[in-house]
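Protein chains in written order, with our numbering: chain L, 4 to 111; chain X, 585 to 771.
It is possible that some hints are incorrect.
Distance condition first, Cα-Cα at most 16 Å in a straight line; then the derived EDC-like pairs of lysine to aspartate or glutamate [to be verified]:
#1 L:Lys99 / X:Asp677
#2 L:Lys99 / X:Asp632
#3 L:Lys99 / X:Glu679
#4 X:Lys586 / X:Asp632
Partial chain X-side listing against chain L, Cβ under 7 Å, derived [unchecked claim]:
#5 Ala603
#6 Val671
#7 Thr710
To be clear, the hints were calculated from the coordinates, so they are not data collected in a lab. Just so it is clear, CB atoms sit at the ideal spot from N, CA and C, and this is done for glycine as well.
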Amino acid sequence: MIVVSYVLMSFGLVLIAISTLGLLVLPEIYTRAHAVAKSETLGLLLVFIGLYFRPEIDLAAAGRLTLILIIALIANPTAVHALVRAARRAGIEPWKVPHKPGAEEESW
Amino acid sequence: MKLIRHLTLFVLLLGFWFALSGQYNALFIGMGVASAALCAWFGGQLFDQTIGPPGEHPPINLMWLVVYIGWLLTRIVPSALQVAAIVLLPGRDPEPGMVRFRTRLTSPAARTMLATSITLVPGTTTVDVEDDEFTVHSFTPDAADDLATAAMQRRIAKVFRDDPEPAPEMIWESGNPAPDRTQGGGA
Numbered sequence: 004m005i006v007v008s009y010v011l012m013s014f015g016l017v018l019i020a021i022s023t024l025g026l027l028v029l030p031e032i033y034t035r036a037h038a039v040a041k042s043e044t045l046g047l048l049l050v051f052i053g054l055y056f057r058p059e060i061d062l063a064a065a066g067r068l069t070l071i072l073i074i075a076l077i078a079n080p081t082a083v084h085a086l087v088r089a090a091r092r093a094g095i096e097p098w099k100v101p102h103k104p105g106a107e108e109e110s111w
Numbered sequence: 585m586k587l588i589r590h591l592t593l594f595v596l597l598l599g600f601w602f603a604l605s606g607q608y609n610a611l612f613i614g615m616g617v618a619s620a621a622l623c624a625w626f627g628g629q630l631f632d633q634t635i636g637p638p639g640e641h642p643p644i645n646l647m648w649l650v651v652y653i654g655w656l657l658t659r660i661v662p663s664a665l666q667v668a669a670i671v672l673l674p675g676r677d678p679e680p681g682m683v684r685f686r687t688r689l690t691s692p693a694a695r696t697m698l699a700t701s702i703t704l705v706p707g708t709t710t711v712d713v714e715d716d717e718f719t720v721h722s723f724t725p726d727a728a729d730d731l732a733t734a735a736m737q738r739r740i741a742k743v744f745r746d747d748p749e750p751a752p753e754m755i756w757e758s759g760n761p762a763p764d765r766t767q768g769g770g771a
């Protein structure tokens with residue numbers, strides 16, 4: 004059980020790390036919002052599922068974890084939507100693929 | 585009716601507070617009541633926009649809601665991995681774009697659910713909702729497939745007992761000019 008927990012949580016943490024990396028390497032707010040809210044959604048799910056497998060989690064604690072997970076799964080997209088909508092209304096144009104995709108990664 | 589909805593939200597929030605805090609002294613109870621009241625007050629003002637005016641809420645089909653949540657969770661896995669792969673692998677760039685489409689979902693609750701689901705599933709983010717028109721930012725062109733085929737809208741229509749929805753017309757923002765990095769980067 005504890006091994007399953009470690010594996011799931013490790014995958015989850017890797018995904019959250021990737022989403023943070025995405026925040027650094029992606030070009031602008033819209034694509035960054037994807038990285039933050041997205042890989043992280045799955046990362047969060049995996050960390051929580053991993054937590055359920057830990058021996059010290061009893062039924063009451065599992066219930067509390069579920070509550071937190073539900074709130075996170077609703078609050079996360081809501082906050083990202085608010086950010087992105089504000090960016091759109093402020094007139095920020097979305098980044099588009101340059102004519103030679105892949106040629107200028109370093110300039111991100 | 586309006587008061588009942590505020591009170592319901594207050595009770596739910598207070599229950600959430602106590603479930604998480606597990607402390608039952610005057611300080612924690614006081615903080616819980618205060619923050620639940622504050623959140624119920626602010627959140628309650630959005631009720632008309634998010635779940636519709638009182639009394640007009642369509643009855644929800646619980647079975648289809650469970651089916652929908654299960655389906656949504658399965659959609660998260662492949663798209664999250666795709667976004668992660670694009671971030672990690674050199675030579676795989678995002679091909680983002682803005683796309684607009686209309687939905688036939690009638691109730692504000694159904695539209696709220698669609699907007700939140702779009703943002704929850706990796707690869708697509710709801711940018712704006714005006715009446716029945718959704719503006720969505722898509723990380724890759726195929727990330728919006730579930731919307732283009734109305735797969736998501738049809739499942740939400742079942743939850744809210746709306747008519748089944750045909751595939752919408754997807755209007756991608758035209759043009760593919762060279763990017764102006766100075767404009768987006770600092771935001």
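Status of the hints after comparison with the structure:
1. Between the alpha carbons of Lys99 of chain L and Asp677 of chain X the distance comes to roughly 11 Å, so the proposed pair stays at or under 16 Å and holds.
2. Of the pairs offered as hints, the one joining Lys99 of chain L and Asp632 of chain X is violated, with about 36 Å between alpha carbons and a cut-off of 16 Å exceeded.
3. As the CA atoms of Lys99 of chain L and Glu679 of chain X are separated by approximately 7 Å, the hinted pair is consistent with the 16 Å bound.
4. Only pairs whose Cα atoms come within 16 Å are accepted, and Lys586 of chain X paired with Asp632 of chain X is accepted, the gap being roughly 10 Å.
5. Hint on Ala603 of chain X holds. Least Cβ distance to chain L is approximately 6 Å, under the 7 Å limit.
6. Look at Val671 of chain X: its Cβ gets to within about 4 Å of chain L, closer than 7 Å, so that hint holds up.
7. Among the interface hints, the one on Thr710 of chain X holds; its C-beta lies about 5 Å from the nearest C-beta in chain L, closer than the 7 Å criterion.
The structure does not agree with numbered hint 2 stated previously, though it agrees with all others.
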